[in-house]
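**Q** These are the residues of each chain, in order.
There are 2 protein chains.
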Amino acid sequence: MDTPRSPARRQGRPPTLPDARARILDEAAALFARQGYENSSVGDLAAALGVSKAALYHYFPTKQDIFDSIIVDVLQGLRDEVAAELAGAAGAHERLRRFMLAHARYFERRWAHFVTMLIGFSGMRTAYRADAARLRDDYEGLLREIVAQGIHEQSFRQVDVATAGRAVLSMLNWMARWYRPGAGDSAEAVAQRYFDLIVRGLASP
Amino acid sequence: MDTPRSPARRQGRPPTLPDARARILDEAAALFARQGYENSSVGDLAAALGVSKAALYHYFPTKQDIFDSIIVDVLQGLRDEVAAELAGAAGAHERLRRFMLAHARYFERRWAHFVTMLIGFSGMRTAYRADAARLRDDYEGLLREIVAQGIHEQSFRQVDVATAGRAVLSMLNWMARWYRPGAGDSAEAVAQRYFDLIVRGLASP
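Protein chains in written order, with this note's numbering: chain A, 58 to 262; chain B, 58 to 262.
Hints are computed from structural coordinates only; laboratory data are not their basis.
Hints may be right or wrong, so weigh each one.
[As the list claims (entries may be wrong)] Some but not every residue of chain B turned toward chain A, in silico, with C-beta under 10 Å: (1) G93; (2) S126; (3) V129; (4) Q133; (5) R155; (6) I176; (7) T220; (8) L229; (9) R234; (10) R237; (11) P238; (12) V256; (13) G258; (14) A260.
[Claimed, not checked] Which bits of chain A does chain B cover? Going by a derived footprint, with three or more residues having C-beta under 8 Å, they are: (15) 112-122; (16) 229-239.
Built from N, CA and C at the ideal position, the CB exists for glycine as well.
Just chain A, same shape as in the assembly (with noise of 0.2 Å):
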């Protein structure tokens, strides 16, 4: 709020609450995560943020809006994220280290979207939904592209591609569940400990 803005960015918004949208999901995402997302009103979450109901629904007409743009805003961010640590990356090996580093960062950053999106029963919107199913599907093609990468470089064994994808990602969402930011281990400390349990398995050599 008090950062200075340049003009440009300041365009086409009200003077009154500049990079709202991105503060209304951050709270929205808090609240949701805290409270969840039906014990949750507008007016608790204008609350939040010190302005009018009239305020938020001017970027969000209903509450439903705000829960299906955090969904589709975080699955985005984290396919950009991941998507550009990789780039860096050469080998299937180093790049599922990279894919499931960069994961659990995010993940601890934006904690309070993750558990949203995991809570999020009451579904989104079909209109929302077609964009996260297609986020999510490129999200889980990136990996599966690893997995295959591997078992084409032979640093991996002929697994099932699917299988180990879902793996890896079952183990990653399930952090929604059960981790908790600033109590313990980093997410990435978590994830680097199951990249090497999944790598290498549980049977001795």
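Use these hints to put chain B onto chain A, whose structure you have.
**A** Structure of chain B alone, referenced to chain A:
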């Protein structure tokens, strides 16, 4: 309802609704899994069961009691069934396989109960929460004990026991998010592939 019951089974139960408790929980789990906890009313549940709301309140004073009971029951059933399955096995490798496959079979059979447990954001009441936490800890303890046994037997590497336990449960628990019974592979077949992957790892020998 129309299955003949022995007099012993009827004892202490109102004559109008034999096996009422289990039937209520099954129907409630199906309802919660389908439309969410917050969106399901006791009236919806009574209608689905073909009984009055008063009849339901005889067994469960509140909707929250129904929800809490589903979670405690499914955790209790899971632990008992998996523990029974482990009884005949000796080595850690076979015990881990049985743990994962028995978990998956139980999950598939009681899918709606697991989904209810996963989506249950609104939170349990304190009295039940302690029971649920104890059951969950027991269950995780059982799995960790298998991993520790494998390390002791030297059939498993010197992995971090807590990480390995978390990884296995993450793969199995995340199935509540994507797996649908009757569409494709059995949950047991999925668990068998996860078992192969986590034991042998991705890397080529």
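**Q** Each hint should be assessed against the structure and marked as holding or not.
**A** Outcome of the hint check:
The interface hint given for B:G93 is met, as the beta carbon of that residue sits about 5 Å from the closest beta carbon of chain A, less than 10 Å. For B:S126, the interface hint is violated, the least distance from its beta-carbon to any beta-carbon of chain A being 19 Å, above 10 Å. At its closest, the beta carbon of B:V129 sits 18 Å from a beta carbon of chain A; the interface hint therefore is violated under the 10 Å criterion. Evaluation of the B:Q133 hint against chain A yields a violated restraint, the C-beta minimum of about 20 Å exceeding 10 Å.
Annotation: B:R155 was flagged as interfacial toward chain A, and the flag is violated, the nearest CB pair being 15 Å apart, outside 10 Å. Restraint check, B:I176 versus chain A: the minimum CB separation of about 4 Å is within 10 Å; hint holds. The restraint placing B:T220 at the interface with chain A holds, with a minimum CB-CB distance near 4 Å, inside the 10 Å limit. At a threshold of 10 Å, the smallest CB-CB gap from B:L229 to chain A is about 8 Å, leaving the interface hint in force.
The beta carbon of B:R234 is positioned within 10 Å of a beta carbon in chain A (closest approach about 7 Å), and the interface hint is therefore held. The beta carbon of B:R237 comes no nearer than 14 Å to any beta carbon in chain A, farther than 10 Å, and the hint placing it at the interface is violated. Here the hint on B:P238 is broken, as its CB sits about 17 Å from the closest CB of chain A, past 10 Å. Nearest Cβ of chain A to the Cβ of B:V256: about 5 Å, under the 10 Å cut. The hint holds.
Taken as an interface hint, B:G258 checks out: its beta carbon lies about 3 Å from the nearest beta carbon of chain A, inside 10 Å. Interface hint at B:A260: satisfied, since its Cβ lies 5 Å from the closest Cβ of chain A, which is below the 10 Å cut-off. Using a Cβ-Cβ cut-off of 8 Å, 0 residues of the region 112-122 of chain A lie near chain B, which falls short of the minimum of three, so the contact claim is violated. A stretch counts as covered by a chain when three or more of its residues have a beta carbon under 8 Å from one of that chain; for the region 229-239 of chain A and chain B the count is 5, and the coverage holds.
Hint compliance for this structure: hints 2, 3, 4, 5, 10, 11, 15 are not met, and every other hint is.
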